[in-house]
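Chemist: Note that the protein sequences, when read in sequence, are chains R and L.
If you're matching positions, the first sequence starts at 1 in the numbering used here and goes up one per residue.
If you're matching positions, the second sequence starts at 1 in the numbering used here and goes up one per residue.
Don't read these hints as lab results, they were simulated from the structure.
A couple of the hints might just be wrong.
Said to hold, decoys possible - Chain L side only, calculated, beta carbon under 7 Å to chain R, not exhaustive:
{"no.": "1", "residue": "Pro171"}
{"no.": "2", "residue": "Ala511"}
{"no.": "3", "residue": "His566"}
{"no.": "4", "residue": "Gly573"}
Unchecked claim - Here are a few chain L residues that face chain R, going by a calculated C-beta distance under 7 Å:
{"no.": "5", "residue": "Phe228"}
{"no.": "6", "residue": "Pro230"}
{"no.": "7", "residue": "Pro257"}
{"no.": "8", "residue": "Met262"}
{"no.": "9", "residue": "Thr265"}
{"no.": "10", "residue": "Phe266"}
{"no.": "11", "residue": "Asp268"}
{"no.": "12", "residue": "Gln271"}
{"no.": "13", "residue": "Pro277"}
{"no.": "14", "residue": "Phe278"}
{"no.": "15", "residue": "Phe487"}
{"no.": "16", "residue": "Glu507"}
{"no.": "17", "residue": "Pro561"}
Keep in mind that this is a model prediction, so the values were computed, not measured.
Each residue gets a CB set at the ideal place from its N, CA and C atoms; glycine is no exception.
Below, each chain spelled out in residue letters.
2 protein chains.
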Amino acid sequence: MTWVEVNAAPELIHTPPLRLKQKSADRTALNTDMYCLLKCSPLILAVAVCHGWLFGDFVGKQKELDEISLWPLPQKFQSSAVAFKLSPGSFQIVHAKQSSAGPSCSILVNAFRRYFEYMFGDLKKHEKSRKKVYDSDLAELQVWITSADPECDGYPSLQADESYELSVDEPSAVLKAANVWGALRGLETFSQLVYRDDYGANNINKTDISDFPRFAHRGILLDSSRHFLPLKVILANLEAMAMNKFNVFHWHIVDDPSFPYMSRTFPDLSQKGAYHPFTHVYTPSDVKMVIEFARMRGIRVIPEFDTPGHTQSWGNGIKNLLTPCYSGSSPSGTFGPVNPILNSSYDFMTQFFKEISTVFPDAYIHLGGDEVDFSCWKSNPDIKKFMVQQGFGTDYSKLESFYIQRLLDIVAATKKGYMVWQEVFDNGVKLKDDTVVEVWIGNKMEEELQNVTGAGFTTILSAPWYLDYISYGQDWQRYYKVEPLNFPGTDAQKKLVIGGEACLWGEYVDATNLTPRLWPRASAVAERLWSDKSVTDVGNAYKRLVQHRCRMVKRGIPAEPLFVGHCRQEYMGL
Amino acid sequence: MTWVEVNAAPELIHTPPLRLKQKSADRTALNTDMYCLLKCSPLILAVAVCHGWLFGDFVGKQKELDEISLWPLPQKFQSSAVAFKLSPGSFQIVHAKQSSAGPSCSILVNAFRRYFEYMFGDLKKHEKSRKKVYDSDLAELQVWITSADPECDGYPSLQADESYELSVDEPSAVLKAANVWGALRGLETFSQLVYRDDYGANNINKTDISDFPRFAHRGILLDSSRHFLPLKVILANLEAMAMNKFNVFHWHIVDDPSFPYMSRTFPDLSQKGAYHPFTHVYTPSDVKMVIEFARMRGIRVIPEFDTPGHTQSWGNGIKNLLTPCYSGSSPSGTFGPVNPILNSSYDFMTQFFKEISTVFPDAYIHLGGDEVDFSCWKSNPDIKKFMVQQGFGTDYSKLESFYIQRLLDIVAATKKGYMVWQEVFDNGVKLKDDTVVEVWIGNKMEEELQNVTGAGFTTILSAPWYLDYISYGQDWQRYYKVEPLNFPGTDAQKKLVIGGEACLWGEYVDATNLTPRLWPRASAVAERLWSDKSVTDVGNAYKRLVQHRCRMVKRGIPAEPLFVGHCRQEYMGL
Chain R
1 MTWVEVNAAP ELIHTPPLRL KQKSADRTAL NTDMYCLLKC SPLILAVAVC HGWLFGDFVG
61 KQKELDEISL WPLPQKFQSS AVAFKLSPGS FQIVHAKQSS AGPSCSILVN AFRRYFEYMF
121 GDLKKHEKSR KKVYDSDLAE LQVWITSADP ECDGYPSLQA DESYELSVDE PSAVLKAANV
181 WGALRGLETF SQLVYRDDYG ANNINKTDIS DFPRFAHRGI LLDSSRHFLP LKVILANLEA
241 MAMNKFNVFH WHIVDDPSFP YMSRTFPDLS QKGAYHPFTH VYTPSDVKMV IEFARMRGIR
301 VIPEFDTPGH TQSWGNGIKN LLTPCYSGSS PSGTFGPVNP ILNSSYDFMT QFFKEISTVF
361 PDAYIHLGGD EVDFSCWKSN PDIKKFMVQQ GFGTDYSKLE SFYIQRLLDI VAATKKGYMV
421 WQEVFDNGVK LKDDTVVEVW IGNKMEEELQ NVTGAGFTTI LSAPWYLDYI SYGQDWQRYY
481 KVEPLNFPGT DAQKKLVIGG EACLWGEYVD ATNLTPRLWP RASAVAERLW SDKSVTDVGN
541 AYKRLVQHRC RMVKRGIPAE PLFVGHCRQE YMGL
Chain L
1 MTWVEVNAAP ELIHTPPLRL KQKSADRTAL NTDMYCLLKC SPLILAVAVC HGWLFGDFVG
61 KQKELDEISL WPLPQKFQSS AVAFKLSPGS FQIVHAKQSS AGPSCSILVN AFRRYFEYMF
121 GDLKKHEKSR KKVYDSDLAE LQVWITSADP ECDGYPSLQA DESYELSVDE PSAVLKAANV
181 WGALRGLETF SQLVYRDDYG ANNINKTDIS DFPRFAHRGI LLDSSRHFLP LKVILANLEA
241 MAMNKFNVFH WHIVDDPSFP YMSRTFPDLS QKGAYHPFTH VYTPSDVKMV IEFARMRGIR
301 VIPEFDTPGH TQSWGNGIKN LLTPCYSGSS PSGTFGPVNP ILNSSYDFMT QFFKEISTVF
361 PDAYIHLGGD EVDFSCWKSN PDIKKFMVQQ GFGTDYSKLE SFYIQRLLDI VAATKKGYMV
421 WQEVFDNGVK LKDDTVVEVW IGNKMEEELQ NVTGAGFTTI LSAPWYLDYI SYGQDWQRYY
481 KVEPLNFPGT DAQKKLVIGG EACLWGEYVD ATNLTPRLWP RASAVAERLW SDKSVTDVGN
541 AYKRLVQHRC RMVKRGIPAE PLFVGHCRQE YMGL
């Protein structure tokens, strides 16, 4: 896809240098932009009218701040200058007659309501009794599920077909998708096409869209261990994820500092390992709610239970699970990673992951395996003896692999697939063919991608997208500019990169600041993972993202500003 | 004041290096801290009991996360291990019999209610009917205003006496202050002394405090031009300021991007210069509300109307106010700073500042004067002619001074004092003796402080506290470690440094993220400006600040976390 470079204003999106106020620079940039927006628009509009259609560029018709602005950009679209009015009092989202889904399809029924609210939520009251008064009007959006099984009661999966086709024309718009997962993505796009004109009337332009994701795995990692995240925060971020067409919630649910997951099999894990056994835990009902809320939005929930490191909080509830560290010849009272030399450790893991495999419906569980600190193992005489017995010498990564290998076999027996951090691959652990290796270390990232895919494993990339690292200015641009397939390898290797994740580790975020810190920075990753490889124009992205973030704000998500400016409706929470 | 260094845990507050997850490091730090907290506490308590009093260190009694933790630390205090219970059903804050203030003193009446809510807001319902059942009990806090004029209907000023003495003992606590301003600070301290024991009962320890601020001007700058800040956000931050004993709201209300101040004399300024003439403006009533809300909390409101630069938005509403820039021999259509060669500019400023001087009750107005860009002036032939006429040569800073000098005279005629950014001093403009020069440029800050105070001017420091610049990790420590008087100069010069300001410029903040980005980072500045110079222990500060931020969260302020951990009551907004 190519871009018509009419309105690019690269000077607008520069990052001001540190230390000086840079107010003057801001002013100039703003003026240039506003000037261009006013001067250039008629020209584009004229071109558009001559050709009947605009290919891949909506900028020309953006006179108002909250006019259409698609994010992430669809794969193929055509838009005409012809606009239809939508009346909140009469417009409907309906099942197409030919659709295999109907009123009993709760995913769609919920989505129809949700998107109607997004589009007309602030209008519908006083518009309710209004008659149709416009010449041209869009009466309805028909949602047509074409495959025999719409998957209304299913869970999204790595194989889910998220493609859709959307045609907006009189008298009806039609959204066509094989099943509900594509329909959800198309509904989001449709809602983004609706804009208000100068009189406050709802408009949508004649449009044809054919869309599908570039990568199948588009995830957000949240960490509920370093800080407990109240359910409300998690649900709000699932909402924002759907607005950005993310489809995986990687729930880094437990770690060293706390164990908020309430296990039915081992209640002591949270009873003794959570920050508080009642107020800072996720009950089975909470977990169900997260999974169902995510399912409604076509989002998979992949829980991570990271072992053998990152398990301090596990040790509180499970006796003898962790390795006792030694100071000289006696135990120091502190503990290291899971004790890999005791059968009881594996018995525990067997029971524990049996529970996890039933609680979480997704086909994958993330097993962690990163950053194992060997110092405690090295201090422990029993471990040292075991090392000798096994012929591991002093190579503790062999002990780590010994543990992981057994764990993988335990989890494989539950019929689940697994994801692991890259160290597990690096240490030469034998992995199932369908294992997903997550590349997170920024240093030598390309080499790692080459190696992992060279060995035939599917991989996802999170290394360039550690959003917990903040800096002054528009760092979203850095995330946006990443090209995930930019590593040496064959086409077959590139195909093994199935996506990526934006990670927001929890050291410095909790309910007070998580949402504005994540959005719209993660939106940059969303477009990179959904849109065509050629969609790389930062200037154009800036303009659409400014509006997309205002749309999120309007929908109740406190997404932070990109730069100087305003939204028609500012955030009205605190 | 000296500190007992028992519980210092410097490894807890290190900033993790970039790029790696640092989870292992976090874990170790946490363990060390928890270990120390548990192991060391009995020791301190024992020492405390032996001496009867604990001097300047509450750490020993902190078993629970939300126990007492004073911020900013008072100048002098003694605390005993003897604890009294407080019953929300019967405890009262009352005017002392000898007090010169009574029930008609709205500042105090409002403050009594506010602090009662802070202390018992979540308890009072089910505690209402409860009888006094404790052996020792604190029945009331008596607030005793000692001076003849309590200043109940006044505004806080640079000269306000904020000192207070607080004695907590059976059967009554007594808070003594010359007037309401000291009483407000003492009420905040009292509320911070109340903690809940393991049974949820409210406790306060026998305590004596004598307190006063180190610096008289302790400000927060918010910028409502780069992004419009809804009233709700401003008021929430005034609340947070009071919790941190800040006493100046430096309202950078207008700037290049927008002019949200609604002027009665020149309505076109906001009508044409605001982002939106109705939704993105501060009406006269809004401004009054901000000033009154601030007054109730002992906070001065100093508006900044920055000229001659930073005035792009002014030009929309006032014809010929800005200098037309030239491209070659003809006007380019863009505009520069205020036109300093037209009498109409000064006529406008006279009328405008006459209004401002009546709308804002504070004795000071901030006139800006920073970052004047000369390029437009240099392009304009009329300006060039004027330069020749005045004998300025090509030194445009002389033209800048010419403008500023006349502006200062205009404002002085309104009987207001003024504050200016350091450039006005640097350019040799003749200033009134009571002018406050604000040092904001980080480079050569010490030299500037030396020069400004050497010339006999009072100064405030904001250079080290530009909180809009963010970075990964605990940057509050950097703000905390600044010593404002660490520059070469005589004692007389040091006395001219009357305080400082934490500045949160608006490029990247609006209602969505302002509050968590400002707090508790600004709290570091609060303690530096209030507490004794010797209060510099970062390890001790970390522990108190962790609890202080949880207190802010409990009171409804989404102050972000310092590091891994939790609050007993997490933030329940979004």
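Chemist: Take the hints in turn and mark each one as holding or not.
Modeler: Hint check:
| no. | hint | verdict |
| --- | --- | --- |
| 1 | Pro171 | 35 Å, violated |
| 2 | Ala511 | 4 Å, holds |
| 3 | His566 | 4 Å, holds |
| 4 | Gly573 | 5 Å, holds |
| 5 | Phe228 | 6 Å, holds |
| 6 | Pro230 | 6 Å, holds |
| 7 | Pro257 | 5 Å, holds |
| 8 | Met262 | 16 Å, violated |
| 9 | Thr265 | 25 Å, violated |
| 10 | Phe266 | 21 Å, violated |
| 11 | Asp268 | 19 Å, violated |
| 12 | Gln271 | 16 Å, violated |
| 13 | Pro277 | 12 Å, violated |
| 14 | Phe278 | 11 Å, violated |
| 15 | Phe487 | 19 Å, violated |
| 16 | Glu507 | 6 Å, holds |
| 17 | Pro561 | 5 Å, holds |
Going through the hint list in order, the structure does not satisfy hints 1, 8, 9, 10, 11, 12, 13, 14, 15.
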